[in-house]
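On the provided structure of chain X, position chain B as indicated by the hints.
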Amino acid sequence: MPFTTIDMTKGITGVTPVANGGTALSSGFVNGGGLTMSDQWYLSSSLDTTSSNITSNLSQNTGNGRGTLGSAMTESSGVFTFPSTGYYLIIFNACIESSSDDSRYISATINFTTDNASYTAVQRNSSSITNQSDARDTNAPVFAIIDVTDTANVKVKFSFSAETTVSLAGASGTERKTTFSFLRLGDT
Amino acid sequence: MADYKAIRIIHAIMAINPNAKVNVWDNDIDRIDWTIEYWDKTEKKDKTVTTTEISKSDILAKQKELQDQWDKDNA
Chain X
1 MPFTTIDMTK GITGVTPVAN GGTALSSGFV NGGGLTMSDQ WYLSSSLDTT SSNITSNLSQ
61 NTGNGRGTLG SAMTESSGVF TFPSTGYYLI IFNACIESSS DDSRYISATI NFTTDNASYT
121 AVQRNSSSIT NQSDARDTNA PVFAIIDVTD TANVKVKFSF SAETTVSLAG ASGTERKTTF
181 SFLRLGDT
Chain B
1 MADYKAIRII HAIMAINPNA KVNVWDNDID RIDWTIEYWD KTEKKDKTVT TTEISKSDIL
61 AKQKELQDQW DKDNA
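Protein chains in written order, with our numbering: chain X, 1 to 188; chain B, 1 to 75.
Keep in mind that the hints were calculated from the coordinates and are not lab data.
One thing to keep in mind: the hints can contain errors.
Unchecked claim - Chain B regions said to be covered by chain X (calculated; three or more residues, Cβ under 8 Å): (1) 6-15; (2) 19-27; (3) 43-54.
Using N, Cα and C, we set each Cβ at its ideal position, and we do this for glycine too.
Excised from the complex, chain X in its bound form:
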């Protein structure tokens, strides 16, 4: 049987399904489709430390083709507040530089609170630097999926620790190294 084009707007009751960007769907599709919020921040200065929460020198990653989709995160003293409730994927990409120090562990951690006061380490990843021939770099990406049920009390912040003094890399010109990404996956 030859393919026949069907005029979906005639002889059919209900709402016409539209998969791409529709706004009046009855079921089976998500209005608009895809992610509705993504935002990325970065460490603007390199941080030499053995252990610290990241409480300053955080900037929103904009310009040079970068941008924020939907509502942005807000940040104060390293504490990030979500723009709305929902499930969020959080990615902390710790770019680590060492001027030839050994470090058996270098840990990046996402810390989470549900009362805007007491934090819990919810996700951690570790790396190490063992080679002593000149400066060495490594990275410790951390991923967490957080259910944000209350934007006033559910917040995140980031911490970093190492066996020896290492450097969490800051930005270099337009190039970003250590970044913090937030993607809203869906409703809570």
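Coordinates of chain B only, in the frame set by chain X:
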């Protein structure tokens, strides 16, 4: 053996006070946090600690001393 090592500000601070807990931003002598907040992995909670400040002149002198020694040892 390392080919090159740049002694940074934090290396000099740790050489003077091995128990120091500080942050140094951009390896800048004028951007040192002597009071820091950190996540204590053992006690599983945030802590704030203050390290007694070391003078800039002492830090820079120690940095030069360490760099000279390292360069000499690895010449």
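Hints, one by one, checked against the model:
no., hint, verdict
1, 6-15, "holds (count 7)"
2, 19-27, "holds (count 7)"
3, 43-54, "holds (count 3)"
Checked against the numbered hints given earlier, this structure breaks none of them.
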